[in-house]
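*Asks:* As you go down the protein sequences, you meet chains A, B, C and D in turn. All residue numbers for the first sequence refer to the numbering used here, where the first residue is 1 and numbers rise by one. All residue numbers for the second sequence refer to the numbering used here, where the first residue is 332 and numbers rise by one. All residue numbers for the third sequence refer to the numbering used here, where the first residue is 663 and numbers rise by one. All residue numbers for the fourth sequence refer to the numbering used here, where the first residue is 994 and numbers rise by one.
Note that these hints are calculated values from the structure, not bench results. Take the hints with a grain of salt, since some may be wrong.
[What the hints assert, rightly or not] Here are the simulated BS3-like pairs of lysine-lysine, each with C-alpha atoms no more than 30 Å apart in a straight line:
| # | chain 1 | residue 1 | chain 2 | residue 2 |
| --- | --- | --- | --- | --- |
| 1 | B | Lys582 | A | Lys71 |
| 2 | B | Lys577 | A | Lys75 |
| 3 | A | Lys95 | B | Lys402 |
| 4 | C | Lys757 | D | Lys1239 |
| 5 | D | Lys1068 | C | Lys908 |
| 6 | B | Lys426 | A | Lys75 |
| 7 | A | Lys246 | A | Lys12 |
[Claimed, not checked] Simulated restraints on C-beta separations:
| # | chain 1 | residue 1 | chain 2 | residue 2 | range |
| --- | --- | --- | --- | --- | --- |
| 8 | A | Arg259 | D | Phe997 | 24 to 32 Å |
| 9 | B | Glu405 | C | Arg820 | 56 to 64 Å |
| 10 | C | Phe740 | D | Arg1009 | 26 to 34 Å |
| 11 | A | Asn156 | C | Phe740 | 34 to 42 Å |
| 12 | B | Gly621 | C | Gln993 | 51 to 59 Å |
| 13 | D | Glu1061 | A | Ala286 | 16 to 24 Å |
| 14 | C | Gln774 | D | Asp1281 | 48 to 56 Å |
| 15 | C | Glu784 | B | Glu472 | 42 to 50 Å |
| 16 | B | Glu336 | C | Val769 | 39 to 47 Å |
| 17 | A | Thr66 | B | Gly427 | 22 to 30 Å |
| 18 | A | Gly328 | D | Phe997 | 36 to 44 Å |
Each residue gets a CB set at the ideal place from its N, CA and C atoms; glycine is no exception.
Protein chains: 4
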Amino acid sequence: MSWFEDSIMARKAIARGEARAEASLTEAQQGRYHYVYSAAIPPALTIDPGTVVTCETHDAFEGAITHETDKPTEKLNFPFLNPQNGPIRVNGAEKGDTIAVHIDSIVPRGPQPRGTTVIMPEFGGLVPTADTALLTAPLPERVRKLHVTEDGTVWNDRVTLPYEPFIGTIGTAPQIEAISSLVPDYYGGNMDLPDVAPGAVVYLPVQAEGGFLFLGDCHAAQGDGELCGVAIEHPTVTTVRVDLIKGWTIKAPRLENERFYMTIGSSRPMEDAARGAYRELIRWMAADFGFDEIDAYMLLTQCGRIRLGNMVDPKYTVGASVLKSIVGIAQ
Amino acid sequence: MSWFEDSIMARKAIARGEARAEASLTEAQQGRYHYVYSAAIPPALTIDPGTVVTCETHDAFEGAITHETDKPTEKLNFPFLNPQNGPIRVNGAEKGDTIAVHIDSIVPRGPQPRGTTVIMPEFGGLVPTADTALLTAPLPERVRKLHVTEDGTVWNDRVTLPYEPFIGTIGTAPQIEAISSLVPDYYGGNMDLPDVAPGAVVYLPVQAEGGFLFLGDCHAAQGDGELCGVAIEHPTVTTVRVDLIKGWTIKAPRLENERFYMTIGSSRPMEDAARGAYRELIRWMAADFGFDEIDAYMLLTQCGRIRLGNMVDPKYTVGASVLKSIVGIAQ
Amino acid sequence: MSWFEDSIMARKAIARGEARAEASLTEAQQGRYHYVYSAAIPPALTIDPGTVVTCETHDAFEGAITHETDKPTEKLNFPFLNPQNGPIRVNGAEKGDTIAVHIDSIVPRGPQPRGTTVIMPEFGGLVPTADTALLTAPLPERVRKLHVTEDGTVWNDRVTLPYEPFIGTIGTAPQIEAISSLVPDYYGGNMDLPDVAPGAVVYLPVQAEGGFLFLGDCHAAQGDGELCGVAIEHPTVTTVRVDLIKGWTIKAPRLENERFYMTIGSSRPMEDAARGAYRELIRWMAADFGFDEIDAYMLLTQCGRIRLGNMVDPKYTVGASVLKSIVGIAQ
Amino acid sequence: MSWFEDSIMARKAIARGEARAEASLTEAQQGRYHYVYSAAIPPALTIDPGTVVTCETHDAFEGAITHETDKPTEKLNFPFLNPQNGPIRVNGAEKGDTIAVHIDSIVPRGPQPRGTTVIMPEFGGLVPTADTALLTAPLPERVRKLHVTEDGTVWNDRVTLPYEPFIGTIGTAPQIEAISSLVPDYYGGNMDLPDVAPGAVVYLPVQAEGGFLFLGDCHAAQGDGELCGVAIEHPTVTTVRVDLIKGWTIKAPRLENERFYMTIGSSRPMEDAARGAYRELIRWMAADFGFDEIDAYMLLTQCGRIRLGNMVDPKYTVGASVLKSIVGIAQ
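Okay, chain A solo, but in the shape it has when bound (with noise of 0.2 Å):
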């Protein structure tokens, strides 16, 4: 028996976590690919609870970065960036609702080299940046083309880096606003969390009817903050089963896989997007494990887990987990 029969989406969600249908969102199907998350864009899909998606990804540049002579700020035209798939229509998705997305598999595709990061002006956690605005001059822009294939990423002679891949911006559409995908919050998007993995399942609170889901900018390896701001971005193969969980209301997102439960928080500075996670996985201990709030409290003091997606994006974004081994299986 898999941890996955145990999990809050074989137990909760309408079609207990299982693959009832199929569907895809090619680029052909696809189309335009979106910059916002809005729930007033036509779906590109609608789908019942249950279906397995699976995805044409473009990175985040949607391929605009060929080679290593090529500059950014000459290629890319902001705010087009971090181009998404969907949005995914989920029949009976309503506010306070939960989309529970279980991330089947993601595979590289595209001509080699396919991998890109680059250093760019105005961006990335150690340099001046809109934010963080500063008079010192921009680094050099670079930019580095990469050998990507399920075996790993060729960064020089020496460093292959292992193919850990991971869906950078997923989430579910604000209520009435349209966000950009550069932006992380609440309702998901570029949370740039390396936990959601082939093998985890997201939990997505549905804000609008329809949920509207979006997914896009997958990432071949990627360390713990984003420092410069580009992961191995790479076009992918991700396939999703998507699954509806009524009536079990989420604040922000949350994830499940064979080991832990999380809480992600996004926010600035940093210990809100720590304290945000923090407090709902308290909450969520509460609600659903049989603690005392302030008892959460003092046992995450001593076993709870933080994991820093990005230290880049207009928000910072913040894992807290807790083992299953700790604290039992959510009721």
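Since the structure of chain A is already known, use the hints to place chains B, C and D on it.
*Replies:* Frame of chain A; chains B, C and D shown alone:
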């Protein structure tokens, strides 16, 4: 000769800051008020540069709080807060231009007590919020309904606050996003900066064709930081003169009045808002006042002024200013 | 009758704010200047409450920068910066008491050009530092030596800045720590707050027996935030009246002048400095002005004022104030 | 062959990381424990490089909390918290050198229940504090006394936490300051970083002649961030091997274990701690691992790891690490 004749609006805008036409957005003309800043909303009004527009603004709660016994959590329906007049489409405005708004007057309207301020959970500068997410219990809700006239706001038997009205929320639409009117950012929005007052000119960057000007959320008085998150909110008749500066590109709102030039930054943490504002002021001094950038940096160290707008919104807002008596008049 | 007669110093301090004795700390009398705030340093002077003390202060660089061709990185020897007069032991001062310091006058001294400001690496509000640790190259070092008199500071042919002197660094010793004079905190220190000016009274919490008052780092002018990190530093003759308030316990520096009461917070990020200052002001209004705490919170939302001291020191400093015309006179 | 033979300690330190002498700091030998990190305190012990020192550490409350009915606010006497063993003077240590500390073992001592964790007012990551100064009422005080052995900490009937001990507070003395042992900074101190565990080597910068090593505050277990501010505090016998690396100058603590190299940053806001740690790691990779700085920046973007130490102390602590399997062995 008034200082206005030397203003950037008078010297650079198409209508030279003159009132060449009139229009209005009464409650009836406005119809539905708006809760996002978006260029996708059909204009409530289309004007030529040089038009004086008289707006009937609602208070930030759209009048929903009428008695001191009201509970904000029962009366308010998030995210339908901070209703805005507009959008006002400005003919000829294109990305890279700047809309200049002279604030002619703000006059309170509506039945007494027309002023409202409240304490509500998860909102305010000295309580836990969705960002500064702590475990301590919220303060009790409290509502004050206040008698507001142009003579002031009666706080209690001892204290009457002078009527120092300003526009809490004003801005243009983002290029492709639709952002809640509760947010301040590079396009203006919910800055809650008391200098946005009658007599001042606000300069706003055009992101989308037509500019799409929104405004609302007028305050009868406000301290620096809008500490509990709710100033003395009141409905008004607000009259603004709207003009267009072609080809003058700014990255964030600017403001000019008789005494100073100001740049406005919105970010978190607060130091980043201050950095953004000061960096833009330095770059402005370099571009239009004949300073070398480092000299401007060193001089502002000695004479720059900071005004805190809000410390409660999703981004904090800070204005950085320098006296005209020190830097002279912009080229 | 001057406002001072109603001041807390005049009403609560042992010597009633009167000048009952005189003392001085000339360069010769001071001997070694100090770079930490510590109660372990033997007093340079011991006084009774009610003593007027005239101090010859050094500039923040102890006069080491004499020419515009000097390189700060070659002339300065970290951590031996920001030399302080004192410590001044105040007879009778015990933990829980408050030292009141009326600033009588600040007069520039020393040969011209006696004013100094500099750009140096890893220091300043708009450059990478040891805290905001970025990879971009520092700005070039630059030194300005400036002619400073009580008529002002000559910046260039066009600009003369008014002489608006204040004490950049003033405070008591921590109980058991010895903290660099570059740091501001709950005991005062390097606050760089322009309101600490002639005519004002500063209230400082006593942590260790004798209080151990230090002061130095006078500025001929400074903008809000002390943006590049170095105001117009200059040597002075600074005269202060020092008194003692028994049993009035404060958690952080306070200030009073003709117009307002102020509390001072130093922290990072900047919003925490503002929170600390405003919370203390609210608690003061509750303790000594007859307000209920929530009412004070709501009223300061409408009329509180924020002054940014520094945004460059190890902690940022913010003053929160309220007009005496609004809250009346402290009990 | 153990990894240790390739460690920096084994290759660069005077005693080559070997145990050449033994010394101890039992409670009796230590006598008075210390609450500041200072080079002005007479050494409790003077050693040559290569000495194994066995310390009887107190818990962070010096044993003052003995029952679950104790009230921390009544039992604790701020600032006399977090008692430290030491200072240990290391012969030959001069400013610019580095002290290497191999943590040999940590063993719990004292009568059961020897573990303590508490909730107390104005302290913790999810409550108002002196810095994040809010108006909401504190959580009720709570004390847990816990049975701790090398088999684990019994939290309740359901949960036993593994014994994963580490040194919460360890560092050298600042050059001229005396800083509370509650503070972490560039010299180490109260970092509360779980990687400072048996088997690791910690590198600490020497600021003052003799280095003046302090340590204490051992935790039986701790989650990332030490959320409520108090881990499972317990008294221990902690054994460390202390060595000296001449002429290897570091700006902040570093750590090495079998798997990775780590740099440690302490600052506020949390992103600044992360920036500081990552910048030092990049500079280290450039200095000792043959990387160009920008390449190191881009590579850490793909594989850097962040460990949050504390989010509760006066500065937050973050470790940034990179696997030895990726970067090789330091030159």
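*Asks:* Honestly, which of those hints from before does the structure not fit?
*Replies:* Hint 4 is the one this structure does not satisfy, whereas the remaining hints hold.
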